[in-house]
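For this one, chain B is given, so just place chain Y on it according to the hints.
So the protein lines, in turn, are chains B and Y. So the first sequence is residues 1 to 380, counted in full-length UniProt numbering. So the second sequence is residues 1 to 380, counted in full-length UniProt numbering.
Possibly wrong hints are sitting among the right ones.
Since the list can't tell identical chains apart, any single copy or any two copies may satisfy a pair.
[Unchecked claim] The calculated lysine to aspartate or glutamate pairs, modelled on EDC-like cross-linking and capped at a C-alpha distance of 20 angstroms, are:
1) LYS148 to ASP95
2) LYS309 to ASP280
3) LYS151 to GLU117
4) LYS292 to GLU241
5) LYS318 to ASP280
6) LYS145 to ASP91
7) LYS292 to GLU96
FYI, nobody ran anything at the bench for these hints, they're computed from the structure. It should be emphasised that the depicted structure is a prediction, and the values quoted were computed from it without experimental measurement.
Protein chains: 2
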Amino acid sequence: MSSLLLLQSNMLFPKVLTRAFSSTTMVQLRARALIYTQYGEPIDVLKVHSYELPQVGTNQLLLQHLAAPINPSDINQVQGVYPSKPPLTTDLGTDEPAAVGGNEGVFQVLEVGSGVEGYSKGDWVIPADVNYGTWRTHSVADSSKMLKLPKEKLSLNQAATIAVNPCSAYQMLNYYESLKPGDWFIQNAGNSQVGRAAIQIGKKMGLNSISIVRNRDNLQELVDELTELGATHVITEEQNESREFGATIKSWTKGSPIKLGLNAVGGSNCTALARKLANDATLLTYGGMSMKPVIIPTGLLIFKNLNVKGFWVTANIKRIPNSRQDSINEVIKLMDTGAIVDTPNSDNFFELKDSDESLLKTFQTALTNSKKGKQIVLFE
Amino acid sequence: MSSLLLLQSNMLFPKVLTRAFSSTTMVQLRARALIYTQYGEPIDVLKVHSYELPQVGTNQLLLQHLAAPINPSDINQVQGVYPSKPPLTTDLGTDEPAAVGGNEGVFQVLEVGSGVEGYSKGDWVIPADVNYGTWRTHSVADSSKMLKLPKEKLSLNQAATIAVNPCSAYQMLNYYESLKPGDWFIQNAGNSQVGRAAIQIGKKMGLNSISIVRNRDNLQELVDELTELGATHVITEEQNESREFGATIKSWTKGSPIKLGLNAVGGSNCTALARKLANDATLLTYGGMSMKPVIIPTGLLIFKNLNVKGFWVTANIKRIPNSRQDSINEVIKLMDTGAIVDTPNSDNFFELKDSDESLLKTFQTALTNSKKGKQIVLFE
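Chain B on its own, in the form it takes in the complex:
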């Protein structure tokens, strides 16, 4: 096991590797996982399960989980209200059937099965599909269930959150309307991770964008920040919902159609957004942060012929062949060239470090904070 020494020289996660191999043999490596045996509020039902990892099979990889985000869908999954969810099983040796929380995250390869090609120790991988259970310290998986990332091109945060937010933004801008340079789109939740990715991807595509954000004391700071990312215009929810402000928007677009709307809010915000759209435009809903439904005046459907649809990156995995791999590849390119920048220090992105005693506590803090912005847990 001399390669361990090489891996230990990787300066990114020295502690990880020291811990992972402090056991006398590989088979004794223990993992800790954040599991649930019944649906409910994550803070109530999640608990830590410690278990021995299985031997690495011929076609398998031993994986050290490096970092995992908490997405709203992860929370809904634990609550039992999300349509896509992993089965509860006793595969991890739990007394009761259980599932591991989390769907997204980046892992480092610790050991490669003898029959696996194309992977080396130290590679970064992410799950090829949803429902993997990323909220754990280690796992063993068939190599076919993983996608390899170019670790030299991505930050840890980017790698841990590549599959959902930026890929959602990429797919929404590319799979629904045929947008050409100079075309316009409008979105709410402009300051969310999807919103920021859409601004940047749109900029790279030559699109003009209008991003709606919540008003705040330091609004100009946020406007400057999003403009720096590539936003053409940033407006408040109040401006979006003001009839008078419509003239300002028309003076910006100068008659060019706003062909696409991205909605993660719902309610009156979404209705006002829909009114900005051109004839035959598409309104994609990927979230409902206001907890209010999508409300569309009849005339916008009949006379403007709006196409009102939902967007769910998880469903697209099956619905659009290769959508996950294709969009990850495109997003990697955009991150590599700096078209999508890492924003871990923004006011809606928080890193938390797991420590030995407090995996549960770390996640509970992250879950509590997750309304403020994206929480990323780094496993130690």
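Just chain Y now, with coordinates in the frame of chain B:
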């Protein structure tokens, strides 16, 4: 002009023809039209304009208007709130620019220009496009602007209303989802003319249907009537909006997906209708009788992937080549075989007869009554 005698022997409209030719020569034939020179409530702004008809040109037809309905869109057009409207012009010799009301109606050919082929005196025609101005007693038009109907196959009411309601039902059932025999659709406004046409066309296509109607004292009579037309199930708005009743509907469909929803109501009725739809189903909105918007819970868009669209038969004329002619042809076949029956005596279908003194009064009565159901004006 011996053919006039032949026409006079047509027993359907003896008075029409007597009047039309009481003038000493054709050029002196006068028409009366219901015009508006400004937008507003039809009852306020409509007035009668009497004018001399032009000579019939080489490629033209002289037309006796027989019957015209009052559609909600006709009213909205006069109000100035309908996106499709005819220009106001002085073509009819009015002092101020004016337009003639009405978009739908059936006309009888009185005279055929020397260069016109395929038309004979006595033929029934309808306008090939919208904004023709059907609320008048006579007109002269290029033959290319008309579509010929097989008068032997249709009642006058059917011919006068063929282009909007049954064609809307036909297009909604055929152009948006690929429905096969045994498939299900659900609609509100089941007792409207579109609703009745959809029931009958759906039955002919082998589809199962659920029609939502307003509760009423004689509900069972209406249920029986719609069932007779071919409705699989007829339910009330209260049943549609009851969570418990969902189980009854599931017991009917036995797991078969409800692939299409037709909405002419909006509000909570439409939301409850949308909840009945299967994954990937289409919800088409063609009206908003409740004056409330279309309200769709976020989850139905994201997780059920509903496609929420509008339907406008007028826009389809341009959007889907030949849609008007194709759907008229199909509807004619269905009427000819009795698959779509004439329902002039139903409680939402009213005929009114124009008389010489009171064209304006007749329309005013029809306009006032038009909330109760379809009004048809027969020109005398």
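Hint check:
Taking identical chains as interchangeable, the C-alpha atoms of LYS148 and ASP95 are never at most 20 angstroms apart, the minima being 34 angstroms within one chain and 77 angstroms between chains. For the identical chains of this complex, LYS309 and ASP280 are neighbours both inside a copy (13 angstroms) and across copies (10 angstroms), given an alpha-carbon limit of 20 angstroms. In this homomeric assembly, LYS151 and GLU117 come within 20 angstroms of each other (Cα to Cα) only inside a single copy, at 18 angstroms, whereas the closest approach across copies is 75 angstroms. In this assembly of identical chains, LYS292 and GLU241 lie within 20 angstroms of each other by CA distance both inside one copy and across copies; the values are 15 angstroms within and 18 angstroms between.
When the C-alpha separation of LYS318 and ASP280 is checked against a cutoff of 20 angstroms, the pair qualifies only between copies, where the shortest distance is 13 angstroms, while the shortest distance within a copy is 26 angstroms. Taking CA atoms no more than 20 angstroms apart as the test, LYS145 paired with ASP91 passes inside one copy only; the shortest distance there is 17 angstroms, against 73 angstroms between copies. For a Cα distance limit of 20 angstroms, the shortest separation of LYS292 from GLU96 qualifies neither inside one copy, at 37 angstroms, nor across copies, at 49 angstroms.
When each numbered hint is compared with the structure, violations occur for hints 1, 7.
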